[in-house]
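Number of protein chains: 4
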Amino acid sequence: MIVSSMPSAILLIHSPDRKGLIAAVSDFLYKHGANVLHADQHRDNDLGLFFMRVEWDLQDFDLDQQALRRLFAPIAESFEMQWRLEYQTTRPAMAIFVSKYLHCLLDLLHRHQSGDLDCSIPLIISNHEDARAHAEFYGIPFHCIPTTAGNKGQAERDHLELLAANGVSLIVLARYMQVLSPAFVTQYPQRIINVHHSFLPAFSGARPYHAALQRGVKLIGATSHYVTDVLDEGPIIEQDVTRVSHRDQLDDLVRKGRDLERTVLGRAVAWHLERRILCYGNKTVVFD
Amino acid sequence: MIVSSMPSAILLIHSPDRKGLIAAVSDFLYKHGANVLHADQHRDNDLGLFFMRVEWDLQDFDLDQQALRRLFAPIAESFEMQWRLEYQTTRPAMAIFVSKYLHCLLDLLHRHQSGDLDCSIPLIISNHEDARAHAEFYGIPFHCIPTTAGNKGQAERDHLELLAANGVSLIVLARYMQVLSPAFVTQYPQRIINVHHSFLPAFSGARPYHAALQRGVKLIGATSHYVTDVLDEGPIIEQDVTRVSHRDQLDDLVRKGRDLERTVLGRAVAWHLERRILCYGNKTVVFD
Amino acid sequence: MIVSSMPSAILLIHSPDRKGLIAAVSDFLYKHGANVLHADQHRDNDLGLFFMRVEWDLQDFDLDQQALRRLFAPIAESFEMQWRLEYQTTRPAMAIFVSKYLHCLLDLLHRHQSGDLDCSIPLIISNHEDARAHAEFYGIPFHCIPTTAGNKGQAERDHLELLAANGVSLIVLARYMQVLSPAFVTQYPQRIINVHHSFLPAFSGARPYHAALQRGVKLIGATSHYVTDVLDEGPIIEQDVTRVSHRDQLDDLVRKGRDLERTVLGRAVAWHLERRILCYGNKTVVFD
Amino acid sequence: MIVSSMPSAILLIHSPDRKGLIAAVSDFLYKHGANVLHADQHRDNDLGLFFMRVEWDLQDFDLDQQALRRLFAPIAESFEMQWRLEYQTTRPAMAIFVSKYLHCLLDLLHRHQSGDLDCSIPLIISNHEDARAHAEFYGIPFHCIPTTAGNKGQAERDHLELLAANGVSLIVLARYMQVLSPAFVTQYPQRIINVHHSFLPAFSGARPYHAALQRGVKLIGATSHYVTDVLDEGPIIEQDVTRVSHRDQLDDLVRKGRDLERTVLGRAVAWHLERRILCYGNKTVVFD
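Chains as they are written, first to last, in the working numbering: chain A, 1 to 288; chain B, 1 to 288; chain C, 1 to 288; chain D, 1 to 288.
Take the hints with a grain of salt, since some may be wrong.
Stated by the list, open to error - Once the Cα atoms are required to be at most 20 Å apart in a straight line, the calculated SDA-like pairs of lysine to any residue come out as:
1. C:Lys256 - B:Leu273
2. B:Lys31 - A:Tyr30
3. C:Lys256 - B:Val286
4. B:Lys31 - B:Gln65
5. A:Lys256 - D:Gly115
6. B:Lys19 - A:Gln59
7. B:Lys100 - C:Ser114
What the hints assert, rightly or not - Chain B stretches covered by chain D per the calculated footprint, using a threshold of three residues with CB under 8 Å from any CB of chain D:
8. 39-49
9. 278-285
Unchecked claim - Computed from the model, here is a short list of chain D residues facing chain A with C-beta under 10 Å:
10. Gln113
11. Ser114
12. Ala133
13. Asp288
In case anyone wonders, no lab produced these hints; they're calculated from the structure.
Glycine included, C-beta positions come from ideal geometry on N, C-alpha and C.
Work the whole structure out from these sequences, hints included.
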């Protein structure tokens, strides 16, 4: 999928499966001059659910955002849709949290510089100093807020303040080694992406490479997912694996895993920014 | 994608990219009572082309095939569509051509028996006797027509006669080691699927595993494609690869390649039967 | 690795890591005229363990099996080796257990026919009749022993009798849907290979595809492993995965999984027969 | 494979296949107190060739480099070995050549910083200024030598002078978009590693992503190889692929390809530095 360079709008719909739904949406958009760039639908037959993503360019579209919301609402209601409207014209602000392992952070920074991630990065937050030089090199404000058992509540309040001050709408945990409190997570529903260094649900929790070595698996993996209250249990966005053998010791797993982690995190962040992900239940639809 | 068990119709469209096209099609189907099961669209921005596949169940649809064709024709014309209408109700007849290597044939027969391939298999044609026992076990008529340099023309006339007599609409070359003549190929445009034992365009032509070994590649592949006049140059449907190392000798490449060949051929045949493939230029769109 | 067609012997060694070990083994073999075909070593640095597989052709070797065992024993003792001597000259007898899903069985039978599996298959055992026709087609005696909650003990006694009568040294569970009792497993330590239809340790136990769908994973897997007392916990031999998306419903997972299952089982069986697998702790070394 | 942190020596052998060769080498090393860390052998049956890599720690080894070379020479001669002796104690100096695409360079710099690449990087050479800021951030001298059709000879002389002055033993072309002259290549036989953005031998030469898009392949690849006189024809070290679909336009191929390129280049460089690669004919043995 190519992110369009012209201003575009995106409608993400999730509803009971009803006849005439596609026609109603297509018709509405067409009547108002929309040139549809992408349209993708999915039906979950078991659950009787319907999912749709449609993106159109705004050039000849005759409604502004407010009018669009007002006129589309009754259609949505008649089909019992849950819907989300997004404008590619607004660049989201993304905050990156990192600890001591920098490979995921550097990967995101380089993808951003290459133009792959359509967002601003107003700040990087860490509980360690390791990433400061890199952050400064890329000209991104760096906030080191050391976290101890004692100050965790205060640290999170500081984080929230910084995020609000910077208008952050997406938080990426790039191997950030602290567990977020439910109170924090609740503030950013489906807006916090984490990378876990295992093929979930295998080896959730701490030290997954140790556990993988112990179990003698022949493939190791990494998983990017939205963060929810339950550790490592949020909706999975992307996973990948790589082959290991008896020759691979712990250091090898860690090294091979690094390449996986940054890849699955990079993909998840790009897809989120392209508004291609729709959550339902504890699962994701990732429209291609 | 689940093949629907209820009777359904499929429309495959290929046209210049025009505003209102999705709305026009959706609207037409909705007005006639179609319950859309799947709809997928694709725009090729570089070429300014639009592709669409829409499948709907026929239960409440108020047009028969003839009426549908007549009423849809003016819409198609106004958008300059190339279009194809297919009914899942008709089970296509598939002929399998095979020589001495049986792994692709056996794989297709077992997929068919498992219900993965929605077609009949009225005959198997070979230039050797090797597959006869298997064909008979599965209760499929087996025709051995030995092919020599001298009798090739006659052999192909015999093939065409058998295919016509059995109403065959799809021919699968399951490691059939004879090159088909252009005259033969012309009779079944985009209806002959071959598997080539390399990652095309690398190692086209004879003895690709020898060539791969000689070049020292670290991955070998297989490719399924529609057959055209030009050997190994037809539209690619599916490809896959597997890792090899310096330890792998020719026999290992052949053995590892077998697993690839049957997989990429099996997928291509299933997708064709599900009417998910649309050709344009020398390429394929495979709708998911 | 090419299985040598000439008679060969294989020594599999597992010992504490000691200086001079390779030299001692190489020297011993050389002095007795061995032409080494393959030699592979592995050190587990963390555990301080050393693993070795060496295969040599027997043509000019001046010791028979008995003499070899007698003369090698003191060397083994001095290095505290655990060792296993195997002769490629003896073709092992393999029994296949199957229930109603036949894809793994058919795959093994075809690999055997293609010459990929160097063993005899004196019998197929099942708790259902489904595989009988295929077994008979391949000329392999088929024993249907229905298993109920009540007769499980007797069924296993029948199995053991059949296995003993046929000199079976390897049992392959090709989607055999019964749990073996510890008493049975104890009779064939590291000689029973199972395929589980998930990426272990994720989704162990019953209905792994249902669980995978429920969790919303983006890859599904299959695992072949030696059977031990603890269900799905034995040493892993091979694993593989394939990509799934939100479009894949349960049937798609089952269908895609079939291709994985037969591949990971086929590889495990071939490697076992080539005496390439060495178990230690609950893990495997698979020599390439 | 873990690179040992203690000083070690590595012997890479390539010879006609002869009985007693392993024993002779093992015995020699053992007698001089070597503790073998890794030993790997490979026989190419078709060519009758034998390959061996053996690494031992130098702690109790009783020969210095000179004595080792003198005493091993007659053994090597009697088996007609081609052999190479390397000491892990010497950290090789690696030069990186880059043009305008920085993803491979940044990847190498970060792998180096993470401790994955056991070498020094005394300089980065480019025909453009794009990489200067990154080079300076990592504290590596950066030399921009613009290259035009007219000054190519002089530019290469400048390069050679810089390489010699810095004692460079490995040159990595990290998407360096200039073809090296045969005169240059000859100076660094099997010491120049390039990454080509296709699955060689498919799409050699210029603009491989354009060619891949044109052909309609379903997978794209990248290849790392040693540079020889013939463009894109040198011994392949590593290859990998990723899936593409009809949805992927040129920009998507370029973006997906970037992840492949850096991975296959990173692996090739690491393996070279670990002295795990042995060339013969136009192929590589990569010992694991």
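Fill in: Contradicted hints - numbers only
none
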